[in-house]
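Q: Protein sequences, first through last, are from chains A and B.
Mapped onto the numbering used here, the consecutive letters of the first sequence carry residue numbers 1 to 250.
Mapped onto the numbering used here, the consecutive letters of the second sequence carry residue numbers 1 to 329.
To be clear, the hints were calculated from the coordinates, so they are not data collected in a lab.
Hints are not guaranteed to be accurate.
[Unchecked claim] Label pairs and their computed distance ranges (CB to CB):
| no. | chain 1 | residue 1 | chain 2 | residue 2 | range |
| --- | --- | --- | --- | --- | --- |
| 1 | B | Thr171 | A | Pro65 | 38 to 44 Å |
| 2 | A | Gly232 | B | Ala218 | 43 to 49 Å |
| 3 | A | Arg183 | B | Ile133 | 39 to 45 Å |
| 4 | A | Asp27 | B | Glu324 | 46 to 52 Å |
| 5 | A | Ser29 | B | Ile276 | 53 to 59 Å |
| 6 | A | Thr213 | B | Thr171 | 25 to 31 Å |
| 7 | A | Lys248 | B | Gln50 | 30 to 36 Å |
| 8 | A | Lys146 | B | Gly34 | 45 to 51 Å |
| 9 | A | Gly152 | B | Lys295 | 37 to 43 Å |
| 10 | A | Ser170 | B | Ile133 | 58 to 64 Å |
[As the list claims (entries may be wrong)] Straight-line Cα separation of at most 16 Å, EDC-like style, residue types lysine to aspartate or glutamate; simulated pairs:
| no. | chain 1 | residue 1 | chain 2 | residue 2 |
| --- | --- | --- | --- | --- |
| 11 | A | Lys198 | A | Asp222 |
| 12 | A | Lys203 | A | Asp66 |
| 13 | B | Lys286 | A | Asp222 |
| 14 | B | Lys189 | A | Glu246 |
| 15 | B | Lys301 | A | Asp222 |
| 16 | A | Lys153 | A | Asp112 |
| 17 | B | Lys189 | A | Asp66 |
| 18 | B | Lys223 | B | Asp124 |
| 19 | B | Lys293 | A | Glu231 |
| 20 | B | Lys326 | B | Asp227 |
| 21 | A | Lys50 | A | Asp81 |
| 22 | A | Lys215 | B | Asp205 |
| 23 | B | Lys295 | A | Glu231 |
| 24 | A | Lys215 | B | Asp130 |
| 25 | A | Lys32 | A | Glu51 |
| 26 | B | Lys189 | A | Asp81 |
| 27 | B | Lys17 | B | Asp227 |
| 28 | B | Lys286 | A | Glu246 |
| 29 | A | Lys2 | A | Glu57 |
| 30 | A | Lys146 | A | Glu168 |
| 31 | B | Lys113 | A | Glu148 |
Heads up, the beta-carbon is just placed ideally off N, CA and C, and yes, glycines get one too.
Okay, here's what each chain looks like letter by letter:
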Amino acid sequence: MKIAVCIKRTPDSETRFRINSAGSAIDESGVKFDMDDFASYAVEVALQMKEKAGSGEVVVIAVGPDSVQETLRKAMSMGADRAVQLKADAIPFDGLAVAKALAAELKSGGFDLALFGKHAFDTSEAVVGTATAELLDIACVTAASKLEIANGKGSARRELEGAAEMVEFSLPAVVTIDEGIARPRYPSLKGIMAAKKKPLESKPAQLGASRVTVKGMALPPDRPAGRIVGEGTAAVAELVRLLQTEAKVL
Amino acid sequence: MANILVFAETRGAELRKVATEAVSVGRRLADASGGGEVHAMVAGPPGVAQKTDLLGRFGADVVIAVEHPALATFARESIAATIAARAKGVTYRAIVLGFSAQGRDLGPRLAAKLDAPIVSDIIDVEVAGDAFIVKHPAYANKVIVTLAVSGSPMILSVRPSAFDAVVAPRTARVDMMAPAIDPAASRVKVTQVIEGAKGRPDLADAPVIVAGGRGLKAPENFKLVEDLADAFGNAAVGATRAVTDEGWRPHADQIGQTGRQVSPQLYVAVGISGAIQHLAGMRTSKTIVAINKDKEAPIFKVADYGIVGDVLEVVPVLTQAVREAKQGH
Numbered sequence: 001m002k003i004a005v006c007i008k009r010t011p012d013s014e015t016r017f018r019i020n021s022a023g024s025a026i027d028e029s030g031v032k033f034d035m036d037d038f039a040s041y042a043v044e045v046a047l048q049m050k051e052k053a054g055s056g057e058v059v060v061i062a063v064g065p066d067s068v069q070e071t072l073r074k075a076m077s078m079g080a081d082r083a084v085q086l087k088a089d090a091i092p093f094d095g096l097a098v099a100k101a102l103a104a105e106l107k108s109g110g111f112d113l114a115l116f117g118k119h120a121f122d123t124s125e126a127v128v129g130t131a132t133a134e135l136l137d138i139a140c141v142t143a144a145s146k147l148e149i150a151n152g153k154g155s156a157r158r159e160l161e162g163a164a165e166m167v168e169f170s171l172p173a174v175v176t177i178d179e180g181i182a183r184p185r186y187p188s189l190k191g192i193m194a195a196k197k198k199p200l201e202s203k204p205a206q207l208g209a210s211r212v213t214v215k216g217m218a219l220p221p222d223r224p225a226g227r228i229v230g231e232g233t234a235a236v237a238e239l240v241r242l243l244q245t246e247a248k249v250l
Numbered sequence: 001m002a003n004i005l006v007f008a009e010t011r012g013a014e015l016r017k018v019a020t021e022a023v024s025v026g027r028r029l030a031d032a033s034g035g036g037e038v039h040a041m042v043a044g045p046p047g048v049a050q051k052t053d054l055l056g057r058f059g060a061d062v063v064i065a066v067e068h069p070a071l072a073t074f075a076r077e078s079i080a081a082t083i084a085a086r087a088k089g090v091t092y093r094a095i096v097l098g099f100s101a102q103g104r105d106l107g108p109r110l111a112a113k114l115d116a117p118i119v120s121d122i123i124d125v126e127v128a129g130d131a132f133i134v135k136h137p138a139y140a141n142k143v144i145v146t147l148a149v150s151g152s153p154m155i156l157s158v159r160p161s162a163f164d165a166v167v168a169p170r171t172a173r174v175d176m177m178a179p180a181i182d183p184a185a186s187r188v189k190v191t192q193v194i195e196g197a198k199g200r201p202d203l204a205d206a207p208v209i210v211a212g213g214r215g216l217k218a219p220e221n222f223k224l225v226e227d228l229a230d231a232f233g234n235a236a237v238g239a240t241r242a243v244t245d246e247g248w249r250p251h252a253d254q255i256g257q258t259g260r261q262v263s264p265q266l267y268v269a270v271g272i273s274g275a276i277q278h279l280a281g282m283r284t285s286k287t288i289v290a291i292n293k294d295k296e297a298p299i300f301k302v303a304d305y306g307i308v309g310d311v312l313e314v315v316p317v318l319t320q321a322v323r324e325a326k327q328g329h
């Protein structure tokens with residue numbers, strides 16, 4: 001089975017962000033970047049599938065400037081077989097534009113399965129995977145928390161609000177990966193050495209025109225300082241009074 | 001003048017709260033674009049057309065009712081094709097849906113089908129000439145991005161609870177529409193729907209959320225959280241990542257950066273220290289209450305009201321007090 005995993009390089013999720021002086025973007029100085037959390041789950045799922053099958057190929061694909069090569073190498077050090085960089089100076093905030101570039105690459109790749117994170121930490125849009133599936137006109141399962149492929153068919157569990165669905169689907173398919181499905185492995189030293197020799201192809205991204213443009217970025221307003229009502233069970237009565245009379249939520 | 005199409009989502013035969021919020025956003029955008037019509041599509045099993053009154057109440061001029069027995073479960077491919085077919089026949093400035101599990105699935109499909117720009121999970125929107133200016137929380141709610149979107153139609157999904165459902169009564173006329181493709185035929189077949197906890201609202205809909213963290217010490221103590229949620233009567237139950245990773249609660253209950261992002265009227269954090277990833281999921285709650293034995297815990301920096309104490313002692317007393325307060329009303 002040939003599996004593509006579309007990954008993204010995003011800031012470390014623990015970053016305390018600052019906005020640049022123009023108010024147009026985050027200040028990237030001192031910010032660490034790494035593989036996006038959900039993308040790393042997707043890579044792990046793909047590797048486990050290949051290991052279980054005992055054969056196949058895992059190809060990682062990322063859109064972005066040359067810095068994404070580091071992230072692609074990391075995926076290869078985890079065990080992916082090869083990588084493709086779809087080169088772009090910047091990744092637009094327009095999810096459909098990015099999906100067009102990925103769909104153009106996947107179309108020619110002969111993949112059985114393309115995995116994505118359910119969304120990326122930075123843009124937090126949850127668009128690219130599903131839009132790519134639609135552009136390719138293949139089956140799509142979003143936010144899978146369990147996934148199995150057997151006999152050329154897939155089955156998955158996907159989380160809804162307050163419920164879950166079990167689904168079956170035909171291949172080829174796009175699946176976007178949710179929390180809880182797998183814990184990403186750490187690259188081994190051997191994996192890191194091997195990754196240096198694995199093929200990384202770089203070619204221009206065929207991005208669509210971006211019709212979504214960033215006008216500005218800002219930090220959300222701080223919450224007003226709260227107060228400690230008191231300590232222990234003695235504070236309960238006062239808390240309930242405040243919830244009734246001040247916050248008016250009870 | 002511009003018409004707006006809204007997908008008013010249902011679960012079973014009931015409209016979801018985000019559906020009325022989305023219709024309200026549609027009404028506002030139609031008015032701000034010079035007074036177009038709001039067309040609200042509702043898809044479900046036969047009988048769903050009866051949702052006309054409620055959609056009209058929040059400003060829909062037309063209810064497009066798509067009825068089919070196989071629409072009792074969410075037939076994503078058919079619904080996406082049906083919305084797209086409608087949008088190819090009638091000119092819409094924007095298509096508005098909820099940023100829910102359904103909306104996350106439909107929005108990008110529509111963007112690809114209609115070659116339409118999309119912004120997900122918006123918390124504010126204004127019309128500015130040919131463009132719409134929207135606000136979208138990114139970087140796990142740590143940054144608010146202002147985006148200009150141009151192109152018609154554009155797809156906007158609205159964050160649940162970020163917009164009020166505003167009463168703007170219309171007598172909506174009904175326009176029946178057949179599904180554009182058979183909802184029973186799909187490349188993705190739903191084989192089973194696993195219902196969540198009975199009798200509790202979902203995290204997206206609940207006005208009150210009680211969430212538990214590692215401070216509860218043991219999985220059986222999560223019952224204290226359940227009991228407090230029961231005392232409120234209309235509360236959902238959430239958990240931190242530490243708790244879901246330990247298997248005390250399902251992953252679907254996780255609130256935080258990699259889990260659900262919520263904005264209830266009241267959020268009660270029980271034994272939650274307030275890691276930055278958790279705060280990312282709940283800091284937009286209107287009122288936050290924290291109960292934690294560590295008075296230095298970061299949760300107290302975002303909480304409106306805090307009690308420093310052992311949750312195993314404080315929560316049962318609070319549960320009783322809330323129960324009494326509720327009965328007093």
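Q: Identify every previously stated hint that the structure contradicts and give their numbers, smallest first.
A: 1, 2, 5, 6, 9, 10, 11, 14, 17, 18, 22, 25, 26, 27 and 31
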